[in-house]
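Protein sequences, first through last, are from chains A, B, C and D. Oh and the first sequence: position 68 is 68 in the working numbering, straight run, nothing missing. Oh and the second sequence: position 115 is 344 in the working numbering, straight run, nothing missing. Oh and the third sequence: position 61 is 1018 in the working numbering, straight run, nothing missing. Oh and the fourth sequence: position 21 is 1058 in the working numbering, straight run, nothing missing.
Careful, some of the hints might be misleading.
To be verified - Taking lysine to any residue and the SDA-like style, the derived pairs with C-alpha atoms no more than 20 Å apart in a straight line are:
| hint | chain 1 | residue 1 | chain 2 | residue 2 |
| --- | --- | --- | --- | --- |
| 1 | B | LYS563 | D | ALA1064 |
| 2 | D | LYS1039 | D | ALA1084 |
| 3 | A | LYS109 | B | ALA957 |
| 4 | B | LYS675 | B | ASP312 |
| 5 | A | LYS109 | C | ASP988 |
| 6 | D | LYS1041 | C | PRO1013 |
| 7 | C | LYS976 | A | ALA176 |
| 8 | D | LYS1041 | C | ASP1007 |
| 9 | D | LYS1077 | C | THR1026 |
| 10 | D | LYS1077 | C | LEU971 |
| 11 | C | LYS976 | D | ARG1100 |
| 12 | A | LYS109 | B | TYR955 |
| 13 | B | LYS676 | A | ARG15 |
| 14 | C | LYS976 | B | ALA375 |
| 15 | B | LYS676 | A | ALA76 |
| 16 | B | LYS369 | B | GLN768 |
| 17 | B | LYS512 | B | LYS440 |
| 18 | A | LYS109 | C | LEU971 |
| 19 | A | LYS109 | B | MET956 |
| 20 | C | LYS959 | D | GLU1063 |
| 21 | C | LYS961 | D | GLU1109 |
| 22 | C | LYS976 | A | GLY182 |
| 23 | C | LYS961 | D | ARG1100 |
| 24 | B | LYS288 | B | GLU745 |
| 25 | D | LYS1077 | D | VAL1044 |
| 26 | A | LYS194 | A | ALA76 |
| 27 | B | LYS288 | B | PRO602 |
| 28 | C | LYS1021 | A | HIS65 |
| 29 | B | LYS440 | D | GLU1063 |
| 30 | C | LYS976 | B | GLU745 |
| 31 | D | LYS1101 | C | LYS959 |
| 32 | A | LYS107 | C | LYS959 |
| 33 | B | LYS284 | B | SER247 |
| 34 | B | LYS852 | B | THR714 |
| 35 | C | LYS959 | D | GLY1049 |
By construction, these hints were calculated from the structure, which means they are not laboratory data.
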Amino acid sequence: MKAAVIVFPGSNCDRDAATAIAHVTGTAPKMVWHRDADLPDVDLIVVPGGFSYGDYLRSGAMAAHSPIMAAVKAKAETGVRVLGICNGFQVLTEAGMLPGVLMRNQKLKFICRDVLLKVETSNSDFTRGYNAGQVIRIPVAHHDGNYFAEADVLDRLEDEDRVAFRYCDAAGAVDAEANPNGSQRNIAGVLSEKRNVLGMMPHPERLADPLLGGTDGAPMFQALMKVLG
Amino acid sequence: MNNTVAVTPEIVAEHGLSPDEYDRVLEIMGRAPNITELGIFSVMWSEHCSYKSSKKWLKTLPTKAPWVICGPGENAGVVDLGDGQAAIFKMESHNHPSFIEPYQGAATGVGGILRDVFTMGARPVANLNALRFGAADHPKTRHLVAGVVAGVGGYGNCVGVPTVGGEVQFHPSYNGNILVNAMTIGVADADKIFYSEASGVGNPVVYVGSKTGRDGIHGATMASAEFSEDSEEKRPTVQVGDPFTEKLLIEACLELMATDAIVAIQDMGAAGLTSSSFEMASKGGLGVEIDLDKVPVRETAMTAYEIMLSESQERMLMVLQPGKEDLAKAVFDKWELDFAVIGTLTDTGRMVLKMGGGVVADLPIDPLAQAAPEYDRPWVPGKKQPVLAAADVPEISWADALKALVGGPDGASRRWVWEQYDHMVMGDTVQRPGGDAAVIRLHGTKKGLAATSDVNPRYVAADAAEGGKQAVAEAWRNLTAVGATPLAITDNMNFGNPERPEIMGQFVEACQGMGEACIALDFPVVSGNVSLYNETNGQGILPTPTIGGVGLLPDVEASVGIGFTGAGDALVLLGGEGTWLGQSLYLYALHGRSEGAPPPVDLAVERRNGDFVRERIRAGAVKACHDLSDGGLLVAVAEMALASGIGARIAMDGPAPHAKLFGEDQGRYLVAVAAADADAFVAAAEAAGVPARKLGETGGDAVAVNGEAVALAELKAAHEGWFPAYMA
Amino acid sequence: MKAKVHVTLKAGVLDPQGKAVHHALEALGFDGVQGVRQGKYIELDIAETDPVKARPAVEEMCRKLLANTVIENFAIDFEG
Amino acid sequence: MKAKVHVTLKAGVLDPQGKAVHHALEALGFDGVQGVRQGKYIELDIAETDPVKARPAVEEMCRKLLANTVIENFAIDFEG
Ligand SMILES: Nc1ncnc2c1ncn2[C@@H]1O[C@H](COP(=O)(O)OP(=O)(O)O)[C@@H](O)[C@H]1O
Ligand SMILES: [Mg+2]
């Protein structure tokens, strides 16, 4: 698997993503600077968490227009897998690569803690390592993770099996109490139409090493490695 | 202020210089200073920059150990971690600004302490924050808590440094003077530490970071003057932080530090360009000439006075090797930060500032630094309180007492706070907030760093020497409880008005107690900060010498937390039974009384008990460990149970009076060990001279004492519920 | 000339900030507030002095960056 | 009636938001923007229909909650 991690000046989970990928797959990804207009030959692109350009206006708004994002978009169109985590998810929605927006958390506060996610589909290269319906534990750390899209967009996402994860409780129940940030229909991650782009607010790279308290993030990278070699 | 503004006695007084001090200015200058020069004297001689009231006593603190690479005097302290690595850390207060503008005050406090650490070549790897607010029911408190916590998080989260620990306390003495103490720990190569001592006549002096604006002018003098009711009305300018720029500054500085371009570097903290340029030149015994027209500014028509005294954030000053300007500029261009060569080092021993083609200030550096006032302020020893007999404390049913303690403002979970902090970014957080000390892995190694922040201001108020000693011992104990070897501390001395002998007495005695503990525990002070005049209308805060402790774990996988790891393990109490209720949380929170002498710390016992615990943890014999502090034994049992969701049953021999369950005798730990190992564990402890008793076992869904139980669910609702309900 | 841009949430999009402000105002004892919506206000100093000529560019800035039109509306005024 | 409140940073106070937006607009190729300041825009629906009577209360809300007058100014308009 040849992976690249995009580095914006305010990215701060770029190293974490690279470490997790190297830890799970044994190969360190390439780090690509935001001002580069080209991407190396890769089959997985990670847009990591952080505060891309400070995110003072809207999270991800400025990064969506960076030189590198044009290249990421072009690669995605050829089928290259793109994984946007947290700020990366925000960037992908702002760039129009995924539907919806991430608004300020309903309670307005930054939230950093483990949440439970229900894997809604195993039909993607990112989620094949899980069973549909499985409950996994992954941390969130965000101020703007409140997923919003118009009802018809949400219906379509559901019809096309493009909701990857929802916030849930230990029994897998998807309800308001399990929703940490006010996301519509508890959505924590969505797939693109071609299913090769995944955006998610939780950080799988943060729980891929038992020393850090869990490994529920690891199957994502293992599954990608299986497909991508 | 235009440089032609006349320096009148009123202006001198406004700058906080006493008539005596001004006479010294005249003597040094050999003439009357102009307004810019006066401004420079005023900030350099402010309490904040000169430590004029505290220096005499700070000097008495032990600062050396074989593993100390650099003690107090630089931007931060440096200790050796072995294998070519060093930890660099410091704690600093941002009390007054946070009271006036809680979000920005706290945010810029975090920004400032981060700069102190990366200035020395370290990548910041962890932040802590020690917060003290007024009474929970004071009308201002909630607003201040909300703003400060959001500000600490807003800054730290954006720069991407995990905030892994801290303290939150409420007490009416902080109603008008909250405390925001922020600590940063960084990691550097031990042979690549950067210092502030300038060298090389003719070397370029370079300004990098954000542009200079009119913000925070007089911040340093503000931090040194007592608050009065109307200062809220005057509302001095506070600075706004820009964490994104700070993040860029960290990356750019570290990138440049990987080359050999930098001779010396210093962040622009309090008193901005003045103190940074002054200190660099002064340490090197050199002079400096600065062209103020070259300083990047964000506003028009800024005067020399304003540029020199501005406290705009996210700025650094460096001395470069000659010829390295282009290399350095390319790095800062890459990170889109301002970069300007603004001056050169000279051999004149003077600071010469030019602007608009003329000289706007010209002052001698050494005499100014050497003549900085240093006071031996009068002090009186604090009145010691008699020991309070446990029998004088009315007994409340233990179950009610426990629920009230873990569910009250002092003992409730701080989750509401630390869940607003990204405590996992950087991917090395092994022990998250909520335990005795946070543990992070040293990136790319098997080793770990532990960090904690501690002080019990009620103890210090009752007996400053014992309280100071206890704060150091508690930090040491918290590090020990996760299995770390305590290395060194940073301190943040928050006190009232030092011109009052009884306050000065608190300061002196606290230093004495701290010093004693540091020596006995091999736990030297390597950096620190003093915040005095925390007083409103003559009402001082509780004396609060916050101790930030750092320890090392040779094998981070061997660290233990406070949560039980399974049912059926044995609980062992180490260090003896509880007896002491004077100044306890039980007495304060349940009876509203702050009475009696605080529990004494026997430093030899402390060390013996701690060394035993640490050794057993490293041997893999301990499954969970918690030191006994506020609330004593039963609160510790409950916290361990709550952290894991696994209950505990303990047996007290005979009746269990409040002093046994809630006494705050020092030097004690509670550990969980495999049931089969319990007897051997107790025997080993006793052989080491450590009193030990098998107390009970883990399991069930309640905390039970002699068969009487309180459901964990009920305790949890109280413990986790207080803070969110309070802030709702 | 100054371009004053107001970015507000579309009707129907939940406004947690506005709700929180509303709640806080009530807690402070202000009654008679029936609803609160919070938006952004951005002032641009622009070289162009003719509003008619300036508008298309500022609209473009709003669409591209200042507002997310999935959830936000924008309005532009010129002054000076 | 609607009370429209603008909260802006005082002159001289650093505006990281404005700075970042300015930078981004330049990066997007919009030139002719000389400066950007960002503030908050808050719309209050109030029961009172007389602006003269409403103003003191809204000013009080601004001072107490909507703005921190250490670093921010506020301006109030009424409509409808
Ligand atoms: N402001 C804060 N930020 C981060 N963590 C905090 C804060 N306040 C408290 N904590 C965490 O909550 C836990 C309990 O704090 P405290 O009761 O002060 O611990 P101890 O008694 O062991 O010193 C610790 O892990 C501490 O780091
Ligand atoms: Mg402890």
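For this session: Check each numbered hint against the structure and report the violated ones by number, ascending.
Result: 5, 6, 8, 15, 17, 23, 30, 31, 32
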